[in-house]
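There are 2 protein chains.
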Amino acid sequence: MAKAQQHTVKSFDEELNQLENVLVEMGGLAEVQLDNALDALVRRDEERAERIIAADKKIDELERDVDNRVMRVLALRQPMADDLRAVVTALKTASIIERIGDYARNVAKRTAVISQNPPPGTIQSIARMGNMVQGMIKDVLDAYVSRDVQKANDVLVLDERVDLLYNSLFREFLTYMMEDPRNIAACTHLLFAAKILERIGDHATNIAENVHFLVSGEIPEDRPKGQQSIYEVEDS
Amino acid sequence: MAKAQQHTVKSFDEELNQLENVLVEMGGLAEVQLDNALDALVRRDEERAERIIAADKKIDELERDVDNRVMRVLALRQPMADDLRAVVTALKTASIIERIGDYARNVAKRTAVISQNPPPGTIQSIARMGNMVQGMIKDVLDAYVSRDVQKANDVLVLDERVDLLYNSLFREFLTYMMEDPRNIAACTHLLFAAKILERIGDHATNIAENVHFLVSGEIPEDRPKGQQSIYEVEDS
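Just so you know, the sequences run in chain order Y and E. Residue numbering for the first sequence follows this note's numbering, beginning at 365 and increasing consecutively. Residue numbering for the second sequence follows this note's numbering, beginning at 365 and increasing consecutively.
Treat the hints as calculated values from the structure; they're not laboratory data. Errors might be hidden in some of the hints.
One copy or two, it doesn't matter: identical chains are merged, so the pair holds either way.
The list that follows gives simulated cross-link-like pairs (lysine-lysine, PhoX-like), each with its CA atoms no further than 25 Å apart [stated by the list, open to error]: (1) Lys421 / Lys456; (2) Lys559 / Lys502; (3) Lys421 / Lys502; (4) Lys422 / Lys456; (5) Lys422 / Lys502; (6) Lys421 / Lys559; (7) Lys502 / Lys515.
Every value quoted in this text rests on a predicted model; they were computed, and no experiment measured them.
Turn these sequences into a full structure, and let the hints guide you.
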C-alpha cells in the first residue's frame with residue numbers, strides 16, 4: 365500500500381515535471397522564433413521570415429498540449445497548495461508565451477515591407493531593442509524554472525529601459541517620416557515592430573509576476589507607477 | 365446527511381455562479397471602457413480619456429478577484445468535468461478581458477495626440493471600426509453566458525470583416541501621411557488605435573474559442589486559413 369502510494373506520488377511529480385518541460389520547450393521556441401525574426405529582419409531575408417511564420421504553429425500546438433495536461437492533472441490529481449499554483453501558473457504562462465510567439469511571427473510578417481526602403485540605421489536600432497527584449501524572455505524563463513523571484517524582479521527593471529528605448533525610437537522614426545515621404549511605409553512598419561517588441565517586454569514582466577505568484581502564492585498588485593507614466597506620456 | 369450534502373452542492377453552485385458573475389461584470393466594464401474611449405476620441409474629450417485611463421484599475425482588480433476565486437474553488441472543491449472546464453475557462457477568459465481593458469485604456473491614451481490634427485473623417489472611420497468590435501465583445505460575452513456555440517462562431521465571421529476594414533484604413537491613413545507631413549503624428553496614432561481595435565477583435569475570437577471549449581470540452585484548432593492570409597498579406 366505504501367509502495368502503491370509512493371508510486372502514485374512519484375507519477376504525479378513526473379506529470380508536473382512533464383508539464384513544466386513542455387512549458388520550457390514552448391518558451392525556448394518563442395525565444396528562438398524572436399531571435400530568428402530579428403535576424404531575418406537585419407539580413408532582409410524574406411524566405412527565412414516565411415519559415416518563421418510557418419513555425420509558429422508548433423508553439424500553438426504546445427500551448428494546447430499544456431492546456432490538455434493542466435486539465436488532466438486538475439481532474440485526476442486534484443493538486444493542492446504549491447502543486448495547484450504550479451499547474452495554474454503553467455496555464456497562464458503558456459498563454460503569454462503563445463502571444464510572444466504571435467508577436468515574433470508578426471515581426472517576421474513585416475520583414476518584406478520594412479526591407480524595401482528603411483532609413484539607414486533604423487533596422488539595427490530595432491534589432492538592439494529586440495536583443496534587450498530577448499534577454500528579458502531568457503531571464504524570466506530561467507527565473508521561472510529556478511523559482512527565482514529576485515531574477516524575475518530584475519526583468520521589471522529591464523522593461524523600464526525597453527520602454528525608454530521604445531519612446532526614443534518612436535520619436536526618431538516619426539522624424540524620418542516627416543523628412544521624406546518615401547520613408548513612411550517602412551517606418552510605419554518599423555514603428556509597429558518596435559511596439560511589438562515593447563509589448564513582448566510587457567509580457568516578460570507578466571511572466572515575472574507569475575513567478576512571484578508561484579513562489580509566494582500572492583497575486584502581485586499593479587506594476588510601479590514609473591513605468592506607467594512613461595508609457596502614458598511618451599508613447600501615445 | 366443528505367441535507368448537508370445538498371447544502372454543500374448548492375454552495376458550490378453558488379460559488380461557480382459568483383465566479384461567472386465577476387467575469388460578466390469584468391466583461392461589461394471592458395465593453396463600457398471601450399465605448400467611452402471611442403466616444404472620448406470622437407468628441408476629442410481629453411478629460412474623459414483621463415477618467416477612462418484611471419478606471420482600468422477596476423478591471424485589473426476584478427481579474428485578481430477571478431484568479432483568487434478560481435484558486436479557492438480548485439483547492440477546496442476539486443471540481444470535475446463541466447465544472448472544471450467552467451473554472452479553467454473563467455481564468456483564461458478573465459485574462460483576455462483584462463487585455464481588452466488595457467487596449468481600451470491605450471486608445472484613451474492616444475486621444476490627446478490624435479485630437480490635435482486628424483485628417484477629416486478619420487476619427488469617424490476608427491469609431492465605426494470600434495463599434496463593430498464592441499458588437500463582437502457584446503455578442504461573445506452573451507454567447508459565453510448562454511453557452512451558445514453558434515453565436516460564438518458568428519463572432520469569427522465578424523472578425524474577418526474587422527480585419528478587412530483594418531487593412532483598408534491602414535492604406536487610407538498611409539496615403540494621408542504621404543500627402544501631408546502634418547498628418548503624420550495624428551495618423552500614426554490613428555493607425556495604432558486601428559491596430560488595437562483589430563487586436564480586440566482577435567481577443568473576442570479567443571473568447572469565442574473558450575465558449576467552444578466550455579461547451580464541447582475540445583480545445584479548437586487554429587482558426588481558418590482565410591483570416592490568416594488576409595492578415596499576412598495586407599496588414600503585414
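So which of the earlier hints does this model not fit? Violated: none.
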